[in-house]
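Could you slot chain E onto chain A? The hints should help.
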Amino acid sequence: MKFIELKNVNKTYSTGVTALADMSVEIEKGEFVFVIGHTASGKSTFIKMLYREEKPTKGSVIVGGVNVAKLRNGRVYKLRRKIGVVFQDFKLLPKLTVYENVAFALECLGMASSEIRPKVLKAIEIVGLKEKTRSFPHQLSGGEQQRVCIARAIVNEPKLLICDEPTGNLDPETSKEIMKVIDNINKDLKTTVIMATHDKEIVNRMKKRVLLIEHGVLTGDYLKGSYKSHESV
Amino acid sequence: MRAFRIFFRSIRDAFKSVFRNFSLSMASILCATITLLVVAISLIIAENVEKATESLENELSIVVYVSKSATEEDVQNIKEGILAIPGVLDVVYKSKDEWRIEMSEYNASFKAAFENYEDNPLTDSFTVTVEDVNDLEKISTEIREISKVDSANYGKDAVNTIIGVFDVVEKTTIVVVIALIFVTAFLITNTIKLTIYSRREEIEIMRLVGSSNTAIKLPFVFEGFIIGILGSLIPIIVTIYGYIIAYEKLNGHIISELIKLVPPYNFVFYISLAVAALGAIIGMLGSLMAVRKYLKI
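Listed in order, the protein sequences are those of chains A and E.
Going by our numbering, the first sequence opens with residue 1, and the numbers climb by one from there.
Going by our numbering, the second sequence opens with residue 1, and the numbers climb by one from there.
Errors might be hidden in some of the hints.
[Said to hold, decoys possible] Some chain A residues well away from chain E (every beta-carbon gap over 10 Å; in silico): (1) Thr18; (2) Val66; (3) Asp171; (4) His198; (5) Arg205.
[Unchecked claim] Calculated cross-link-like contacts (lysine-lysine; reagent style DSS-like; alpha-carbon spacing at most 30 Å): (6) A:Lys119 x E:Lys16; (7) E:Lys293 x A:Lys55; (8) E:Lys293 x A:Lys58; (9) A:Lys82 x A:Lys180; (10) A:Lys82 x E:Lys293; (11) A:Lys7 x A:Lys200; (12) E:Lys293 x A:Lys70; (13) E:Lys94 x E:Lys148; (14) A:Lys78 x E:Lys293; (15) E:Lys260 x E:Lys138; (16) A:Lys95 x E:Lys193; (17) E:Lys217 x A:Lys119; (18) A:Lys78 x E:Lys16; (19) A:Lys78 x E:Lys193; (20) A:Lys48 x E:Lys193; (21) E:Lys16 x A:Lys95; (22) E:Lys217 x A:Lys91; (23) E:Lys217 x A:Lys78; (24) A:Lys55 x A:Lys7; (25) E:Lys217 x E:Lys293; (26) A:Lys95 x E:Lys217; (27) A:Lys2 x A:Lys29; (28) A:Lys132 x E:Lys16; (29) E:Lys217 x A:Lys159.
Simulated from the structure, these hints should not be mistaken for lab results.
C-beta: ideal position from N, C-alpha, C; glycine also.
Just chain E, with the same shape it has in the complex:
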């Protein structure tokens, strides 16, 4: 019972303190807000980049062009040859006539160009998907060794550039987030330090009449917690509404249709939860640092 009363008393005192020194608390809350906003945006970017990288990698496939002199039998041999390579997931055949029809439908100028040829200038092709994108190079090389194969390539350079950029974005956001977390924790430490200072008489008396150290520290830890949670409110609202609106405006993808955004539902709630938890943890961490440093007990 006693422990409960001390617990609730601490919560009450923490709220009192936050509102009694409101201008001071506000500075910390605003700082936490800015940090958590950046954290929320970074988390959204990081998650989207990761998902995009994953899906891009999964879409990587090897396009195999068959030599013009190949007979139907050769084509069949090539298909079997590719399927025999370990790590190959699927092989889809597309004949040169199919290519021609598809390209003509896609663009009128292609159609006009094709009409100048008596024969079909295109070649038959296979699209090969693999189990592990890291094997693309090896498998392409093996495919090239099959007879009557003209070329076997995958969009190595373009994809690598995109993935490289994504990687930089991801790492930068992580660094920024960690730096901001430290700045906020430090600012909250300062706020709590001033609260401790403004309540030093009370603390002195508490010590004299025999309050346990935990009972003295607890209100400050709660105060940090409250500052952290209040600081996470605006970022959470911005995350939920901002992301849903952005997702709808962009039709669920960015730059090209290849880079899909993570669907907002549940995703925004996970981010919000992470932001609130982070706010609470930073707040408590900051106040614990202050309590340890300035409360000599």
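So here's chain A without its partners, still in its complex pose:
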């Protein structure tokens, strides 16, 4: 079975807006996939469905063998523990240091501090923030804050890393660095990465599989490197 499998997925919001129509896609373990499309194209809905922030109206969404569409509310947390999520707006806690922000993810799960410490330090090292462990978010640059966010997402060693416009607030240079970090996580930790973006340059440079969503329909599935930005978007 594929790691991620969407079958005939439809999503209509209560306002009557159809965000996704009859979407089917398969993603293998360890893949790196870009999801591109205009604002309101449905790519956010697609991403949110993977970590069960949204439920499909019709069809099945299988992540790691679990049908997310049929997951009861009380069980969602089990899925979330296997998934790391990175956002455009970082979502860091301002009163906690870098270390504490990353450790927070494990503390919530009731892990012992002796168990937490090595994991947190390792995650911080992977994203290259070893020197800033004791800094507070407001003392960091945007790129550094995003690294903290990535560290928090991977600290529990998830099988899937979901990035929703992680470079949306960053300048091109910093974006490059962040992409390197994410690429390394994909290569070294074998973490499956699904990333929504509309940064064409990144997509062109990285030469990964690309899913193009337009008006809620999956209009293109380009295999590694075959996507060129002039085709659309």
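Chain E alone, transformed into the frame defined by chain A:
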């Protein structure tokens, strides 16, 4: 182990939250304090009223006056007649001479009045106690039918008035207490709602990294608990000291010696315990309402 750590983490977070938003928590704590104070006073009144009603009812007895023409034999017959009625607990005889001596001792003007009579103007009497106060009416009627009995009465109207007043007092306090409990629970709900709002980022992240719903809710429930318990402190102190002092000042009874107060020891501790438990329950109830309403998980 994990569950324990989450449990203690929740308690720590709850305390942090109470003190971080202290002005807000204070409003809820004060409201709980006022409510619980009224609850404590109401409980004290209710318990005292109940005990007083009980003792008043137990003291109800039928006073039987024997006809002046009755001979000693008649008196004996009356006593046996009363004792034969089912439901009669005890019969105490007091002769007219005993009455005379007692009344003369009680008041000098009685004594002077009695001296104007050659003969004793009083009559012999029986005091009849019964098993069940509800039978007073029936038994009195039966006693009146025995020959040479002049009258058989009990203090029906006076006692009924007092019991009636007590009943109103008791019911009013219950209504007031229930209303106040709702108001407090509502206010605590509001406090917790604001805490949830101030911690929404934290909650969002907790949900994302896979905290179970229980782990997310628990700190708020503890917060309500802490607010409830802190709110019960002043009422408990007031209950213990206030009641003990009031009891001593009033010499253990109120209005007349007939209405005795409940002795303070142990009683105040039971009330305190009830107040603390109620505070904790209201606090948790309020926060559970908030969590259910505003924490969409």
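Output the indices of the hints that this structure fails to meet, ascending.
Result: no hint breaks.
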